[in-house]
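Asker: Residues per chain are reported as follows:
Number of protein chains: 4
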Amino acid sequence: MHTRTYLTVRYAETDRMGIAHHSNYPIWYEAGRTDYIKSFGISYSDIENAGILFPVTNLSCHFERPAQYEDNIVVRTWAIELKAAHIQFTYTVKKINEDGSQTELGYGTTEHGILDSKTFRPVSLKKRMPELYEKIKATF
Amino acid sequence: MHTRTYLTVRYAETDRMGIAHHSNYPIWYEAGRTDYIKSFGISYSDIENAGILFPVTNLSCHFERPAQYEDNIVVRTWAIELKAAHIQFTYTVKKINEDGSQTELGYGTTEHGILDSKTFRPVSLKKRMPELYEKIKATF
Amino acid sequence: MHTRTYLTVRYAETDRMGIAHHSNYPIWYEAGRTDYIKSFGISYSDIENAGILFPVTNLSCHFERPAQYEDNIVVRTWAIELKAAHIQFTYTVKKINEDGSQTELGYGTTEHGILDSKTFRPVSLKKRMPELYEKIKATF
Amino acid sequence: MHTRTYLTVRYAETDRMGIAHHSNYPIWYEAGRTDYIKSFGISYSDIENAGILFPVTNLSCHFERPAQYEDNIVVRTWAIELKAAHIQFTYTVKKINEDGSQTELGYGTTEHGILDSKTFRPVSLKKRMPELYEKIKATF
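Chains as they are written, first to last, in the numbering used here: chain A, 40 to 179; chain B, 40 to 179; chain C, 40 to 179; chain D, 40 to 179.
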């Protein structure tokens, strides 16, 4: 189970090498995460409004081929691990070519703590948001 | 009375035209504002912690010459207007050449409301932070 | 004649005030410009590949209301002036509410030189790209 | 042998969680890399002008503690591997506290191909820039 997020490379995202700067990929992953969470019928804004944060603790990106201005990109997102106060996501980033075929540009992972937004201490998603917890668990 | 903020153009700030993307200038102005406020013995963090926000209501930028990766830049910042719940800043952006001379790259202005961070309603800086208000007023 | 560009506010675009940082609006305008140019059957990439650049010489933004994470945004873009080596665009930025109504967040303009990408000297769009020139002129 | 790069967290770098967004760390690493290369008496601009690019192929970041607006940050950078057409860097990011002590915020690595800027094919840094190659090698 995964979601697909579509975006177009912005001019401001390019650098003087003529390609999308690598610092944009974590931002694209995050757009993917936003859509992934939404697919469970809750928004990440709702999660934060309920007093829970998912700060990133680890990030890894592998870059296979560059993306360029105006390229149409699809980010595929899915969760690969969910523990009490820890969640991990994987992403693939592909370019959609004019003929509809796709070229893999790279992939990455993010690991997140699950924290209370007031105390910044770990909280159990299972206890605080059991429905969301079970829905994500069911995707494994 | 103005402050000078020094920065080096980052690779990620360039675009495929090979120059610093224009969206970075408001960020550089903001770095200038941070230093300008600090010159009065208070940080902008302190102002926000005291429950006051300075959201931007108007921004204008004029670009004369481009900046490039690794260019050494100086942003000069000063306030040009301060009313009860409104403040306006001006900025110049110059490149510092290797021989120490400077080349003007452009200039800009920002206008800000002065709001209570809880109600998002205008507040009087004169009443809430009279000392800072008088110090800025004294620069005109 | 104008184009509409749809985007969702990204988490990375927010700041500690909880709203989309004002430096994102020029980037959103640029996404609008990309779609506007495309509506004439040519991409801005094609224009650059033909050796022509549209660097920004002036930028102005007015901010009426803030945008927040996950807000659905529509940017409306149109050209308001086209001379030999100069083009000007206007933008409105609106939030699309859940009931489908729209709330105006602000508006802005950008002015651009039209330059040869090798010499960085002004060029006549009318001479270099007469078809595009006439198509834009026809919108006034 | 390593270099130290000093920066102050910008307002635009914060997100609605109130901390520096994780996508800024690769940009800070890059500022560190810029200074590291410069310490060998050549700028990264010079390397690119000589027709060589160092595109990122892998990025990893570990986040231990968050950085906040106006925090003074020091990025320590050093190379840990150099092969013919491949180079790898490590970074630590620390906050400089008011008493001068430092708090570790996290660390990361980047791996880069070494490519010809025209053909985008791997090139040997040892052959193309033997002096720089030997200087970096000498740090291991």
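Treat the hints as calculated values from the structure; they're not laboratory data.
A hint or two may mislead.
With a Cα cut of at most 30 Å, we get these calculated DSSO-like pairs of lysine-lysine [stated by the list, open to error]:
(1) C:157 - D:134
(2) A:77 - C:134
(3) D:157 - C:157
(4) A:134 - C:134
(5) B:134 - D:77
(6) A:77 - B:157
(7) B:134 - C:157
(8) B:77 - A:157
(9) B:157 - A:157
(10) D:157 - A:134
(11) C:134 - B:157
(12) D:157 - A:157
(13) D:157 - C:77
(14) A:134 - C:77
(15) B:134 - D:134
(16) B:77 - D:134
(17) B:157 - B:77
Asker: Against each hint, give a clear statement of whether it holds in the structure.
Answerer: Tested hints:
1. C:157 - D:134: Roughly 43 Å between the alpha carbons, so the hint for residue 157 of chain C and residue 134 of chain D is violated.
2. A:77 - C:134: Given pair residue 77 of chain A, residue 134 of chain C holds - Cα atoms ~19 Å apart, limit 30 Å.
3. D:157 - C:157: 17 Å, holds
4. A:134 - C:134: 28 Å, holds
5. B:134 - D:77: OK: residue 134 of chain B and residue 77 of chain D at ~19 Å, within 30 Å.
6. A:77 - B:157: Distance ~28 Å between residue 77 of chain A and residue 157 of chain B Cα, so the pair holds.
7. B:134 - C:157: Status holds; Cα separation ~22 Å.
8. B:77 - A:157: 28 Å, holds
9. B:157 - A:157: 17 Å, holds
10. D:157 - A:134: Judged against 30 Å, a Cα distance of about 22 Å means the pair holds.
11. C:134 - B:157: Satisfied, since the Cα-Cα distance of roughly 22 Å is no more than 30 Å.
12. D:157 - A:157: 52 Å, violated
13. D:157 - C:77: It holds: about 28 Å lies between the C-alpha atoms, which stays within 30 Å.
14. A:134 - C:77: It holds: about 19 Å lies between the C-alpha atoms, which stays within 30 Å.
15. B:134 - D:134: 28 Å, holds
16. B:77 - D:134: Satisfied, since the Cα-Cα distance of roughly 19 Å is no more than 30 Å.
17. B:157 - B:77: 24 Å, holds
Of the numbered hints given earlier, the model fails hints 1 and 12; all others are met.
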